[in-house]
Structure formats: C-alpha cells, structure tokens
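Colleague: Here's the letter readout for the chains.
Protein chains: 4
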Amino acid sequence: MASPIRVTVWHEHRHELENEVVQRVYPKGMHTVMKEAIEEQLGQDVVVRTALLDDPEHGLTELVLAETDVLTWWGHMSHGDVADEIVTRVQERVLEGMGLIVLHSGHYAKIFKRLLGTTCSLRWREIGELERIWCVNPGHPIADGIDACFEVPQAEMYGELFDIPEPDELVFVSWFEGGEVFRSGCCWRRGKGRLFYFRPGHETYPIYYQAEVRKVLGNAVKWAAPASSSPYELKAKHIEETLSPVAKR
Amino acid sequence: MASPIRVTVWHEHRHELENEVVQRVYPKGMHTVMKEAIEEQLGQDVVVRTALLDDPEHGLTELVLAETDVLTWWGHMSHGDVADEIVTRVQERVLEGMGLIVLHSGHYAKIFKRLLGTTCSLRWREIGELERIWCVNPGHPIADGIDACFEVPQAEMYGELFDIPEPDELVFVSWFEGGEVFRSGCCWRRGKGRLFYFRPGHETYPIYYQAEVRKVLGNAVKWAAPASSSPYELKAKHIEETLSPVAKR
Amino acid sequence: MASPIRVTVWHEHRHELENEVVQRVYPKGMHTVMKEAIEEQLGQDVVVRTALLDDPEHGLTELVLAETDVLTWWGHMSHGDVADEIVTRVQERVLEGMGLIVLHSGHYAKIFKRLLGTTCSLRWREIGELERIWCVNPGHPIADGIDACFEVPQAEMYGELFDIPEPDELVFVSWFEGGEVFRSGCCWRRGKGRLFYFRPGHETYPIYYQAEVRKVLGNAVKWAAPASSSPYELKAKHIEETLSPVAKR
Amino acid sequence: MASPIRVTVWHEHRHELENEVVQRVYPKGMHTVMKEAIEEQLGQDVVVRTALLDDPEHGLTELVLAETDVLTWWGHMSHGDVADEIVTRVQERVLEGMGLIVLHSGHYAKIFKRLLGTTCSLRWREIGELERIWCVNPGHPIADGIDACFEVPQAEMYGELFDIPEPDELVFVSWFEGGEVFRSGCCWRRGKGRLFYFRPGHETYPIYYQAEVRKVLGNAVKWAAPASSSPYELKAKHIEETLSPVAKR
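Protein chains in written order, with the UniProt record's numbering: chain A, 1 to 249; chain B, 1 to 249; chain C, 1 to 249; chain D, 1 to 249.
In isolation and in its complexed conformation, chain A is listed as follows (with noise of 0.2 Å):
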C-alpha cells in the first residue's frame, strides 16, 4: 500500500488577527478548513500540517519540506514579508519534486512569480459578485466528480489579463457576473515538481467550506504529488568521458 501523501497547508493568517469578518467566516483560521478539507476528501491517503507566517522560519524548516509532498500557499496582504531565502528553499524543494497549490490572493506571493517568471497581475474587484467556474478539461484528475461547471455565490472577482506564462494545462476558466473572465484552474510543471494555481477562496467568504471547491482541493493534492524516482540535479553537471566514440581531429 502507498505511503499518505504529506501536506503541509501553508497560510498567511494576518486577516484574520485583524478583521472580524475573516474571524466570523472562519474563525479556526483559514489553514484549519484547507486541512480539514484535504483530510475529508483524502482520508487515510493523506497526513496533513500547517504552517504560518509567524511561525519561525515561516514554519517551512529544512526539515518541514524534507517531509512535504505537496505544499499549498494562501497569502494576501503580507507577501512582502515572506523571506527570500525561504522562497528559495520551496523554490529548490518543488524543482526536485514537491508538488506546489497556489491558492486565490497567492497568484501574487513570491515563490509564485519567482516560478513562472511573470508579474502574475491582474484585474479585480470586489463586490460579492457571482462567479461561475467552468471546465475545459473534463479528463484532467483535477476536475475529477465537477460537473460542466458550479457556482461561488459571492466572489472576488479575477479578471484578465492573468500576466501568466502559457499555462502546460488549463482545467477551470471563470465567468463572473459584472463582466470579467479568468483562467481559474491552470497547470504547470518546473524541474520535477507540478504546479496548480486555483483561484477561487477569499477571506471574506466562506468558499472552502464549497463542496467542488474541497473536492478541486483534493484532487490538486493528488495530483500534484510526487510521481517519478527518476533522478534530477540543481546544478550543471560535468562529464569527462562520452558513451560513444569521439573521432579525433
């Protein structure tokens, strides 16, 4: 039998020390309900921790990513604060396999921009406007049981432009009431590792508590973990002898 996937759910948790919407909707803190979503749709398949901004090291030590499969990262309105060196090590960690969920406000989080390349901007608003997720890629294991599309009542809205590289994939593309479309659901690989933004999930609405949007979760987890032995090395390597004859000249 497989071993569980190990999760670490990486959370800002600022919001919610200041603002008493965020406290109302969730007041375990966000990163409790991400956990318990992944714990419910994965069950034994899956062992899962948090970690925080505050925490020292911002809760990813060298030995917290030794032991993570698959990171998932929520920040909004401190991603300044997050410390290069540690952008670095998660950068580092996902090139050598581990899978990396960017999560809504995310998209502007270092070690996002620092994988793709690009300024990861974009348009927004925010008044509680619907949004309506469709899928364009019924066969991809991360729409696995999502219908044609469904519906967060109240959203943020994203719109594009989404300054993002060419997403390898794209499973969700966003419709929203005022106007706007997204791509809400795009894939990318880096080194060894597997990358999955998803955008739905702000603080002031209770989205994780949205069935799709758990089920979305729990197949990105699956998804994104590590998949190949094969090896791999950050750096340049050099070779003294060819495997075939060389003519002299």
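Keep in mind the hints are simulated off the structure, nothing from the lab. Since this is a predicted model, take the numbers as computed values, not measurements. Check the hints yourself; a few may be wrong.
To be verified - Rough simulated footprint, nothing fancy, chain D against chain A, three-plus residues with beta-carbon under 8 Å:
id : region
1  : 113 to 119
2  : 172 to 179
Said to hold, decoys possible - Okay, derived cross-link-like pairs now, PhoX-like style, lysine-lysine, Cα gap no bigger than 20 Å in a straight line:
id : chain 1 : residue 1 : chain 2 : residue 2
3  : D       : Lys-113   : A       : Lys-113
4  : A       : Lys-110   : D       : Lys-110
5  : B       : Lys-110   : C       : Lys-215
We put the CB at the ideal spot given by N, CA and C, even for glycine.
Knowing the structure of chain A, use the given hints to seat chains B, C and D on it.
Modeller: Same frame as chain A, but now just chains B, C and D:
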C-alpha cells in the same frame, strides 16, 4: 481499494506468422510478451487481455472497448487492413477517456494519424544500430524509475522530422549511433483520453524483453488510465435556458 | 519587397440563398464581406479570392490551393456536403504550410475535425445575447490593436466544453451574458501549417462588419501565412546511409 | 514601410580579454561578429548596437532598453557580475514586449533563470566533438532556410537533462558525437515578450561565422520582434465599475 486497470494489448500479429527471425525473437507473439510485461510491472493493479487484427472486428468489439481502460497498439505491415469503422470506434472511446499507448511502427496506424491530424511520417533505417534514450522530463510519471538515459543495443532508427503536433509533454528523446535524433516519448490529450507514443519495439529485436522498456510500458499504462468521472459528450448540446439573466433587446 | 499573401476565402454560401434575414445582413454574401475585410486590413500586402461550396471541386482545385497561402473557412448547414477527397487535399496543403483560419460554425467542418482529431463539439444557444471577448495574450500578433476586451452586441452563444486539443496558444476567451465562457481564439500548428480558430461570425448578425473582428481577421491572415521554406515531406523516408559511422555488430 | 528592428547585442566580453584562443577566433570580440551576422541577414530591416558587461549599467540603461526591440545575450564566466537591478529592468522590458535571444552559455544567465523559474542546468563536456542540429519544426519562422539538419564540426557538448519548463515550441534538437542529445532551439512567451534559446556558440570555436548559425540568428531576431501594440500593464488593476449589471444581494 481501486479496481485494477483493464488493459487490452492490440497486436497486428502478422510478422510472426511470416518471418522466421521474428518467430525466434517472439515465439509466443509480441502481444504475449507485452501482456506479460505489463502484468509483471503492475501485478494486481492490472488485468490484461490481447486482441489481434485477424480476430473478428479486430478483437475490438463494442464490448471489449467498453471494458478497456487502456489500449496498447502495435502494427506495422497491415495498417491498411484495419477497418475504418473500428478506427472510429477506438477514437470515440479515447475521446471518452480510454488511454491509448501507440508503440513503435504504430506511428503510421490509422488511429494515431486520426487523433493527431498529421502524417506522422519520419525517417527510418534498419541496420541494427545503437539507440540511447534520454529522459527530458524526469518528474513525469512515465519516467519513474528510469535513469538519465538507457540504451537499446540494436534498434531500427527513426529520425526527425517526426511529423506530429507539438507534444503536450515530451518525455524521451533518442540518440542514434548513425547520427539522428527522435522524440521517442510523447504525450497528448484528446477529449478525455490520454495518448502516449513510445518509439522502441522493433519486431526483429528483443526490445520488449528489456527491463527499461517494460518499466516504461507499465508506467504508461498507469498514466493513461482514466482519472476523471466528469461529464463529456461526443455531440454538440443545444442549451435553451440561460444560467444568468439576459437583457431584452 | 515581399509578395502579397494570397488568400482564398471559402464559404458555404447557402444560408444567404434560403434565409431572408441572412440576405438582409449579407446581401453580397458573407464571403464578399470577409474578402473586403481582409483587403481593407492588409491592402497591398494581400490578394484575396473567394471559393464556394457549390463551385466545381468546391472552388478548391489543386491549382487554387497551390496558389493559396492562407485559406479562411466558413461553413454551417452543409458540412456533410464537402467531399472527403477535397478535405484530404486541403489537409495536405495545410501540412505543407498553407495557413487555415476556421470561423465560427466552421468548428464542425470536416477539415477542422480532421486536423484536430477531436469532436470539436460545444454548447450553443441562439438568443442574440451579448458577447464580450477578452484578450489573454496581448503580445500575440493576432491580438495586435485589440484592447483588453471588445463586445459583440448580439451573438449566438458557444459555450464550454469546446472539445479541442489544448491550444498551442490561447488568444481570446469569450464571456456570454447568459453565463457561459468559451475559448474563442485558438492557435495550433499541424505539419508546417498554422491553424487559427476564431469564434465570432454568426450569419444573422452583422459581425463581419465590426471593426475589431475585421482587425483580427487581418492579423490572423498575416500570422497564418507561410513563414519558412524549410523542407517537409508528406511521406516517410528510407535512409540508406548513416551520417556518422556505426560500429559493426 | 516598417521601421527597422532595433537590436542590442549584449556580450560579457571577458574571455576575449583573457584567453588567447578566444582572441584568435574572435579578434574583434564575439559581439562584433554577432552584430555583423544580424546585419548581414536582415540588412536594412535592422539596426544593431552592442552593449558590454563592463559598460556603465552593463550598457543596458533605461534609454537603451527603451530603444531596443530585441536583445541578444551571451555570457559565461561572469553571470554573477550582472547586477540584479539590471536583470529586473531587462525582465520588465521583456514582459512589456522586447524579444530576448539567449545564446549558448547564457543558459545560466540570471535573466534566463529569472524568466523561466528553473535551474536551467545541463550536462556538459568540452572536447570539440561533432554536433548535428536537427530541425523538428520546419514550418517555424526561426527554421526558415534551414535544412533537415546541419553540423557544427567542433562544439562543446550540452546534454539533457536541460532543466527548463516545457518549451512552447521546440525548433531544434542536437545530436552529439559522444552520445548525448539536447533541446537546442526553444521558444517561450513571457508577458508580451518572446524568448528564444539557441545552443550553438562556444567562445573557442568559430561557430558565429557559420552560415546556418547566422541564418538562425537573423530569423530569431525577426521572430522575437514585438508584434502587437495591445495594452499590457506590469501592475494589478483595481476595477470599480462592472461591465455588465450585477444583482444586489
């Protein structure tokens, strides 16, 4: 516990009947060796049957396909004998989610050209030269357990230009002793189905007995198995109602 | 100075003969309006002719295709009347480098399905609702001169799932008033040829008179024009000699 | 008539000052040879200047970059001496639409790693072996005029794994006499800018005098030049108004 993946190994099975060299290398037929390789790799996670060109309906009845999660395809001298209606039947099953693994000379199979839309032509030379297969995507599930490269001691050469659409993911690239290169492991998605092309496997060399090739076969079966139960329809759908209100004009 | 791009505007031209609404909107036929749009956009850089379904060989003789750099395709009610041998002829010319621009209901044309390998099906609704087309790739040559979005005041709705292979490049995504989204501007390569699908263009609305749509048409013609004289062959090529020496075995 | 493409050839220019072999091969400096190659290929369609690492601001002032349509980049021994703020400046210009062509050992340049998000590491060996470069995308503008393959008689070997994101388009794959393969011509888009990596070009061999290499350089400059005037912003944009009416809640 997950149900086993139901694999059908499809084989042309004509070279073995006509050519003594092939008989010596594959006395039980190439299909038997491929079947055993997949069983060896995946054990209880798989059930494998075979189907041959000269079986009724080429062994690919509606029922067989309905019970197939992943189909492997080896053909060479008799591509033209595969009935177009069976090709259409296989195509529809791929779109609905069945995985398809096309092997070696199957690059010229009707089903492969049908799904890709190009000629799938290439350069070739048959002098038993060395092939060295390099992994360019070590994090890919199909590369699991494969080293930086492996060798096939004697191979038919396939060289670029391989006339295929840009692969969604490129996993292997071959080096040939005589001077050519080839994109030897290519992934695409069509509808809900996953498609993998794997180059090694000429009928006059014992390539399907080789450990690395068998490993890739097993990995590819796991990768190509259906991974999503989300809805998909082969036909356009007329929608009467709107999901959101539309202004009168 | 570069030679002008030779464009053939192919049109089914049946709605105009049967439907008074279409006659009023396109009294000279949709093909004439598309031809004029391309001429308006590209001036001396282009020469445009038209070809109709009911012309001999659908107007797509060997000679016409040999003299065509970019073919645009509009069909709807009579896809089945296009002869398979002409589809094959067009396909081969695309592979050899001719650009192909498939418009609106052409998503169900035989040539489009032939090149893509999927059903190309979608959802649709015809109530004249608002469409807003967003650019998701502002650096793409086809998006040149197009703002962040533009509106088509009355459109037939096409909604996801649009059953196509993952586009090599996605340029436009549509928002529909009634609640759907659609990948409206998609690029692929097949052989040496470039393929662009552009959604707008229903026969009962004056969409091909609209400035942004005409702009995109002109851009797409420039983008799809052949851009490389490098060798390409439709058939597999047997190579006798090696380029580098091969060890005896 | 179109304005000429404004090219800046950026060069580290340190090997020439320290190494007699390099001085003999490139007595005027590699940058001069690259400049002349681009001028030779594109004539009046181009104006080329050079910029060197040891120029003030590495020759890449705000003004120079504002007047650059395509930047070519060659560096090797002194990647670490490029100031991070200049890297950021170049990155922003690429996102805004400037083309970037990274050559040979530039795979390890800060700007390349910054835009791609991976280590960009590889295997290497320097024994002057034969390289044969195969075209896998003959319809691509960068392949225009290039035959099925061409040879570099003596080259430094670069071998897979080349740790890069999946290229949007793969144009060339190299075969090396000693047994390796390499993805030698790779295209990506970042923001509005186009990025091309081209492998050939070691400082101790006269590779930039070779006709095919010069042809590719010229083609790449044309391909990478900005091709769209559509709007793009480096920063997220707050939208107050909706484009379509939103229901009260």
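Colleague: Run every hint past the structure and note whether it holds.
Modeller: For each hint, the structure was consulted:
1. Only residues whose beta carbon comes within less than 8 Å of a beta carbon in chain D count, and the region 113 to 119 of chain A has 6; three or more means the coverage holds.
2. With 3 residues carrying a beta carbon less than 8 Å from a beta carbon of chain D, the region 172 to 179 of chain A meets the three-residue requirement, and the given coverage holds.
3. Restraint check: the Cα-Cα separation between Lys-113 (chain D) and Lys-113 (chain A) comes to about 12 Å, which is no more than 20 Å; the hinted pair holds.
4. With a CA separation close to 17 Å, the supplied pair Lys-110 (chain A) and Lys-110 (chain D) stays within the 20 Å bound.
5. The suggested pairing of Lys-110 (chain B) with Lys-215 (chain C) is violated, with an alpha-carbon distance near 39 Å, which exceeds 20 Å.
The earlier numbered hint that this structure contradicts is number 5, and it is the only one.
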